[in-house]
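A.B. asks: Take a look at the letters that make up each chain.
2 protein chains.
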Amino acid sequence: MKTLGTLGEREAIRVIDRIVKSDVPVGIGDDCAAMDIGDKYLLVTTDMMVTKTHIPKGMGPYDIGWSLVAVNLSDIAAMGGRPLGVVTAIGITKGHPIDFLEQMVDGMNDCALRFGTSIVGGDTKEHEDLILCGTAVGEVDKDKILLRKGARPGDLIVVTGCLGRAGSGFFSLKRGLSLKEAEDQLKRPWPRIKEGMVLGSSGCVTSCMDISDGLSASIFELSRNSGLTHEIDYALIPKASEVCLAFQDAERQKDLVLNFGDDFELLFTMKREREADLAALSEQVGCPLTVIGKVTSGEENILIDNGRREKLENLGYEHFRIRKA
Amino acid sequence: MKTLGTLGEREAIRVIDRIVKSDVPVGIGDDCAAMDIGDKYLLVTTDMMVTKTHIPKGMGPYDIGWSLVAVNLSDIAAMGGRPLGVVTAIGITKGHPIDFLEQMVDGMNDCALRFGTSIVGGDTKEHEDLILCGTAVGEVDKDKILLRKGARPGDLIVVTGCLGRAGSGFFSLKRGLSLKEAEDQLKRPWPRIKEGMVLGSSGCVTSCMDISDGLSASIFELSRNSGLTHEIDYALIPKASEVCLAFQDAERQKDLVLNFGDDFELLFTMKREREADLAALSEQVGCPLTVIGKVTSGEENILIDNGRREKLENLGYEHFRIRKA
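Sequence order for the protein chains is W and L.
Per my numbering, the first sequence starts with residue 1, numbered consecutively.
Per my numbering, the second sequence starts with residue 1, numbered consecutively.
Calculated directly from the structure, the hints in this document are not laboratory data.
Please read these numbers as outputs of a predicted model, since none were measured by experiment.
Built from N, CA and C at the ideal position, the CB exists for glycine as well.
Misleading hints may appear alongside valid ones.
Claimed, not checked - Chain L regions said to be covered by chain W (calculated; three or more residues, Cβ under 8 Å):
#	stretch
1	97-106
2	155-168
3	174-184
Unchecked claim - Quick list of simulated restraints, FRET-style, between CB atoms:
#	chain 1	residue 1	chain 2	residue 2	range
4	L	D36	W	D36	33 to 39 Å
5	W	D141	L	D129	39 to 45 Å
6	L	D36	W	K194	18 to 24 Å
7	W	P97	L	E300	42 to 48 Å
8	W	P288	L	D141	43 to 49 Å
9	L	E275	W	G203	54 to 60 Å
10	L	L315	W	P288	30 to 36 Å
11	W	P153	L	T51	25 to 31 Å
Bound-form chain W, shown alone (with noise of 0.2 Å):
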């Protein structure tokens, strides 16, 4: 019998899709489906989180609750759209104190409020476990939307931010490093919702998602998307200054850069002729845009390292796969 332990997440994406027929703008597939209301789309995204593969240690019920909220965010963010409100559905043991759900819906409300929303409903059920469902609206104008799809030859490939802060506070935390910042930025991701929007007005930018499964896991989304092949350059991504405090192995950290996700950054494409624009465009938001590489038409998704071309290797954080020994 083939269960879903034989499948990926992504594998199951794909026979979900297959028996789901819808005619909206954009389904299953993207990092939020949008549907057509009058001169707009509106935005849908839903987020699940489960307690023990989700939420790392030291999380606290209230950052819990805001990056239930942020991580959703994050995908509105990604297709330039405005939030319009949250709601959060959830699952929670009659064990619980009631101190943990206030501070729990604490960190949602404040996540929401400083990001321009509000929680506007929910849920809540009896369960075995803490789960959490978060699902996002937004708005965004037809003509400003960011999608997966939609990079070109000779596209420059681009993120906010730096890489690799969130995975560092995840082994600071486990290790006991006190990498602080790094801890917060793994405990309270930071969805980029300011900079989707001017990405998504600036008309520069062709392709575009959020890095919450690592950052070869989405060069490998957006390639598969376009039908292009993505090159980038190990030395030219900002890394985060806690990852060599996390490693001192430089392959430790080129896998925490790679793979780890959690970072909530944008990636995107956009035109090389473009490229100038970046400063003013990095300025307005006031968070760094950093060009990575760019998209080609080659064989495969490659990495350069040192000046060493090597295949990028999809390695990003993925459910049901049982790992082989």
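With chain W held as given, fit chain L onto it using these hints.
C.D. replies: Showing chain L alone in chain W's frame:
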């Protein structure tokens, strides 16, 4: 230490409501949240389904998928809305057969299409047992929205369809009574989308909600929202024919009709002077609309049974409450 077990689900929602700050036109506490999007309201609702407490034995994966979508669409119906799309988050074990996922998604897809909408996206996560979270979005003209508040003294209390069928289906499955139609009603709830839209457009409805948690709980909820009391006559309640097949005992029958829930009918109040319009509205939607009582300004909600007036008890299904021995 105060835990969630000492609160009920509704009290937990009040805890959340006290913390959350939002200025949307309709927030926590109605069937859906409503957000302003120009000349319409955007409606959003979310519902988590936990296998062990929410999914009766005898329901297959197709039924589970159908139900998840149906209960969310029922909330859109209760606000008079037109559904725009549904997203579903699925927590599922590695050991579930792929077949199971396929049939469940089939049920989701069929239910959405049946009610004029579609599954537009979702999330899939590995979890120790099956847990589902659906979110529906919809829209409604601002002047046609149906809310839980708004009833006035003298208004008539009306229900769509009949009550007790899903509950009869539950006991039929449990005891092997083979009440096929009742079991189907339980397994594949029928959201009153068309009915809600027609009622919203009629201009005669003053408050509305769906009866997911049972008639008594819904009466109390409308009462809490209007600040008025409600008086219903047991003899007037349209009862499913299966109720007397499920139980011979009149008290058990009454409990089923008043408290079981899961029928997903609409309960609404309407202007008394429009009573004559009910027949035409009923014909338009192809569904019985039955007056079962009236809105009053008394001391408590009243049930008239065989001419005897008694206090209506709020015995609807509620989570978290630790039952006293």
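A.B. asks: Hint by hint, note whether the structure agrees.
C.D. replies: Hints versus structure:
no.: 1; hint: 97-106; verdict: holds (count 7)
no.: 2; hint: 155-168; verdict: violated (count 0)
no.: 3; hint: 174-184; verdict: violated (count 0)
no.: 4; hint: L:D36 x W:D36: 33 to 39 Å; verdict: violated (18 Å)
no.: 5; hint: W:D141 x L:D129: 39 to 45 Å; verdict: holds (42 Å)
no.: 6; hint: L:D36 x W:K194: 18 to 24 Å; verdict: holds (22 Å)
no.: 7; hint: W:P97 x L:E300: 42 to 48 Å; verdict: violated (34 Å)
no.: 8; hint: W:P288 x L:D141: 43 to 49 Å; verdict: holds (45 Å)
no.: 9; hint: L:E275 x W:G203: 54 to 60 Å; verdict: holds (58 Å)
no.: 10; hint: L:L315 x W:P288: 30 to 36 Å; verdict: violated (59 Å)
no.: 11; hint: W:P153 x L:T51: 25 to 31 Å; verdict: violated (48 Å)
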